[in-house]
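> So the protein lines, in turn, are chains A and B. Residue numbers for the first sequence follow the numbering used here, so the first one is 811 and each next one is one higher. Residue numbers for the second sequence follow the numbering used here, so the first one is 329 and each next one is one higher.
There's no promise every hint is true.
[To be verified] From the structure, some residues in chain A lie toward chain B, with a derived Cβ separation under 7 angstroms:
#  : residue
1  : F885
2  : P898
3  : V899
4  : M914
5  : L915
6  : E923
7  : L927
8  : G928
9  : A929
10 : K933
11 : P935
12 : I1203
13 : Q1208
14 : I1209
[As the list claims (entries may be wrong)] Non-contacting residues of chain B with respect to chain A, defined by C-beta distances greater than 12 angstroms in every case (computed):
#  : residue
15 : I482
16 : W575
17 : I605
18 : M614
[Unchecked claim] FRET-style restraints, in silico, Cβ to Cβ:
#  : chain 1 : residue 1 : chain 2 : residue 2 : range
19 : B       : L436      : A       : P1197     : 42 to 50 angstroms
20 : A       : I960      : B       : E635      : 22 to 30 angstroms
21 : B       : I427      : A       : G1180     : 51 to 59 angstroms
22 : A       : P1225     : B       : L439      : 42 to 50 angstroms
23 : A       : T836      : B       : L439      : 50 to 58 angstroms
24 : B       : L395      : A       : S965      : 55 to 63 angstroms
25 : B       : G432      : A       : T1228     : 36 to 44 angstroms
26 : A       : G962      : B       : F610      : 36 to 44 angstroms
Calculated directly from the structure, the hints in this document are not laboratory data. Using N, Cα and C, we set each Cβ at its ideal position, and we do this for glycine too.
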Amino acid sequence: MSGLATQEMDLPPDPGAGVIGLNNVTKHFPGVIAVDNVSLTIHAGEVHVLLGENGAGKSTLVGMLAGLQEPDDGFLALAGNRARLASPVASLDAGISTVFQHSMLVPTLTVFENLILGAPWYKRPNRATIEQRMGALQRDFALSLPLDAITGELSLGQQQQIEIARALLRDSRVVILDEATSMLTPQGAEELGARMRKLVQSGLAVIFITHKLSEAYRFGDRISVLKQGRLAGQLGPERLATLSEDQAIDEIVQLMFGRDSGGGDAERRQTSCTDEVLLDVVGLETEGGADVMGLHAISLQVRAGEILGIAGIDGNGQKQLAEALAGQRPVARGRVQLQNNTVTSANVAERRRMGLRYLTDDRLGEGSIGAFPISDNTVLKDVGEPPFWLRGIERPAQIAQHARDLIQHFQVRTPNETTPIGRLSGGNIQKILLGRELLGNARVVVFNKPTYGLDLQNIEASRQRIGEIAAAGKGVILISTDLDELMALADRIIVMEGGRIRGTLDNDGGGEALRLRIGRLMAGEELEQKATA
Amino acid sequence: MEALLTEAFLSSLLTGAIVAAIPMLLAGLGEQMSEKAGVLNIGIEGMMLMGAYLGFFVAFQFDSIWLGFLGGIVGGMLVAVLMAVLCVRLGLNQIVIGIGLTLGVEGLTALLHHFQFSRTYPRLPAPVRADLPLLSDIPVIGPSIFSRHPIVYIALLSVVVLAYLYRRTNLGMTLRAAGESPAALDVAGGNVEGVRVFSVLFTGAMAGLGGAYLANVGAGLFIPFMTGGAGFIGIVLAMLARGRPLWVLIGALIFGAALSLTTALQVAGSNIPTDVIQMLPFAAVMLVLMVFGRKARLPAALGISYERGAR
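Go ahead and model the full structure; you've got the sequences and the hints to work with.
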């Protein structure tokens, strides 16, 4: 459909280069490279899909195009000319409208007021013009909105239509839809797909961000896959036209979950798995809600010396599972058994005493108190317990000695044990938390994304330590979004998607085939009986 | 009890209610705009006091009550500029800064007054009154309501103007959006910082005018700490009014009536103990808070400074 030349990436600035060009843009956040040297070209008349897992850099790219963030390196080009989008106003003036993942409407204003929000203060709202133009939008794009309704009382699908209508009222040339189908019913998603088609037919460019593979194929003209902040690859219109849905999804899975070029799989850990079942979970369910994913029929077993990997795209119930196991989240149905004790209704402290330990991924939030010294943080979960407390009185000397031992044993880099833990790097905080969880009679340790956000050296050290813990006869649950990590460490890998277990696979050195199988399970594309969320 | 229904009593009650209500009305209307835009303006007591001081000072020096009102507006806005720079531009804590400004202005105005007048409290000449034709001839109500200083009518008129502004203009909508969801306003191309600065300065102007009224019309002189919490009552009024200027007016009249009832009852010479009478305004405040306080709905982003793309 596009009459434009479909040039690829590294464009020289010329007018035929698409509506927007991203040229080697890079964006850093503290401790993270969110976008790493990405180049993209957005063409008019095309639905350009940006596909990637959480944390792949999609939202940061959206932020750059919307004028919320500027690239640290590289530059944007509008119609071939280098340009800056330093503010949302600059972005809107450039004809770019963004429909954000989280609604950017004022819930207490009426639909009409939200449509004209941002208009100059000295102008009078012109109701007649808006009504007239909304009539046209209803005809062309099936956008029908109650202008006088309070926005917050409308469904999420209708709110999204308000944002799309607003983009069209501004005569935008580019419409960005960030995770636009995540809050829609399947039928709503189809309607959105049809609407995007109409938008590009009228000459606009649409950027559609999603992590759903089949949507990417069905709605998109061009698919760019992002992985850990980098552009992993692109499927252009000609290429897509020659592929069936299955073939296309295979290629995308390869791009999203395949190994980066060069190097084979990392050396796999020598297994230390025994037959003794330490943790037995049967039919575990938790309540879900609008914002929280519920768990459904989770059954799993962890044996002594075993590392059970849990794979999945971030936000598919892994955190809820970890919290339910640790006793931090109420269990609606099911049973959790630790060795011979049923702990389903036991609280956090009781489970901890029985040897069930949880290492959170939220190191600075729920994992530690940043302003407190390291010494206090090492005993946060043992407040009131001997030997650190005696009849309710704190014993600072014992706590300090314990902290010094821990610092030495785990080689924590810190001036001394009185340093506030918030001043340490992520890797060093992780060591302290690990030391805290291993204290006493740990039997089963649940790790939630233990290497997330760490530097390479600390990642290696952490993985080695997890292996050692299993080798010492403890059971380990390793939740990770990093497939390499799971394939290097785990004995078995459970794949979670939508709060359910989609498959349990033996990590038997299956190599690339196993990796792609897991990738398809993670994307929710493999099993047909998938519940439509 | 028939003494309570005499003309003298009713007249002094109504007069007192209006005189006491106007500063609170002006402060409440000002505070309401700040709160709509998401700024909890605790510094309003300081703005009011600065308005009272500067309003009196200018009126005394230049012998013009109208210049005095202008001075009051400028005084309130001077403090508001500090508030806007510290809380909106720099995003510092609004409560801490607000309390700090109030305490600072209390000390500063007392000091300045002491330098200038030592322990004397010179008086301004009694202000002119504008009798509204015909209306001021109605018995009891006429002299109480329709024979007042022009500022009173300006204050009442501003209730209508503000109600229209909030409901019918882009500025009003922008103000509400800045208080409910500043991020949404920002990505829609609105100017969050600009509209919040405007609202704080407007609060300063209204509070300053209220303070000047208190000094120049209400008392005819300046006494240190003379606002005595009128600004804080303005905050309460704004919170209870749920964004409606008319409710600020009603609230201000209730509080004003309760305040003036103490004087009026004493004038009427009733045999209720004075201790009970003097308790009335505070009982009224507590009663109103108990009845309506729970229903007060505040903007979602009230008191939270906005930073673009914060993560």
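> Please go over all the hints and tell whether each is borne out by the structure.
Verification of the supplied hints:
Checking F885/A against chain B: minimum C-beta separation of about 18 angstroms lies over 7 angstroms; hint violated. Look at P898/A: its Cβ gets to within about 5 angstroms of chain B, closer than 7 angstroms, so that hint holds up. Here the hint on V899/A is kept, as its CB sits about 5 angstroms from the closest CB of chain B, short of 7 angstroms. This hint holds: M914/A has a C-beta 4 angstroms from the nearest C-beta of chain B, less than the 7 angstroms allowed.
For L915/A, the interface hint holds, the least distance from its beta-carbon to any beta-carbon of chain B being 6 angstroms, beneath 7 angstroms. With a least beta-carbon distance of about 5 angstroms to chain B, the hint placing E923/A at the interface is held under the 7 angstroms criterion. Interface hint status for L927/A: upheld, as the beta-carbon distance to the closest one in chain B is roughly 4 angstroms, under 7 angstroms. With its C-beta approaching chain B no nearer than about 3 angstroms, G928/A sits inside the 7 angstroms limit, and its interface hint holds.
Nearest Cβ of chain B to the Cβ of A929/A: about 5 angstroms, under the 7 angstroms cut. The hint holds. Evaluation of the K933/A hint against chain B yields a held restraint, the C-beta minimum of about 6 angstroms falling below 7 angstroms. Proximity of P935/A to chain B holds as hinted, the smallest CB-CB distance being about 6 angstroms (cut-off 7 angstroms). Interface hint at I1203/A: violated, since its Cβ lies 36 angstroms from the closest Cβ of chain B, which is beyond the 7 angstroms cut-off.
Restraint check, Q1208/A versus chain B: the minimum CB separation of about 39 angstroms is more than 7 angstroms; hint violated. Checking I1209/A against chain B by beta carbon gives a least distance of about 33 angstroms; that is not within 7 angstroms, so the hint is violated. The non-interface label for I482/B is consistent with chain A: the shortest C-beta to C-beta separation is roughly 23 angstroms, beyond 12 angstroms. Separation of W575/B from chain A is adequate, the least Cβ-Cβ distance of about 17 angstroms exceeding the 12 angstroms criterion.
I605/B, annotated as away from the interface, keeps every beta carbon of chain A farther than 12 angstroms; the closest lies near 42 angstroms. A cut-off of 12 angstroms between C-beta atoms confirms that M614/B is not in contact with chain A; the least separation is 29 angstroms. Between L436/B and P1197/A the CB atoms are about 57 angstroms apart, so this pair departs from the stated range of 42 to 50 angstroms. For the pair I960/A and E635/B, the supplied restraint of 22 to 30 angstroms holds, since their beta-carbon distance comes to about 28 angstroms.
The hint said 51 to 59 angstroms for the Cβ distance between I427/B and G1180/A, and at roughly 27 angstroms that hint is violated. Taking the beta carbon of each, P1225/A and L439/B are about 47 angstroms apart, inside 42 to 50 angstroms as hinted. Checked against the hint of 50 to 58 angstroms, the pair T836/A and L439/B passes, with Cβ atoms roughly 56 angstroms apart. A hinted range of 55 to 63 angstroms for the beta carbons of L395/B and S965/A is consistent with their spacing of about 57 angstroms.
The hint said 36 to 44 angstroms for the Cβ distance between G432/B and T1228/A, and at roughly 37 angstroms that hint holds. The supplied range of 36 to 44 angstroms is met by G962/A and F610/B, whose beta-carbon atoms lie about 38 angstroms from each other.
Hint compliance for this structure: hints 1, 12, 13, 14, 19, 21 are not met, and every other hint is.
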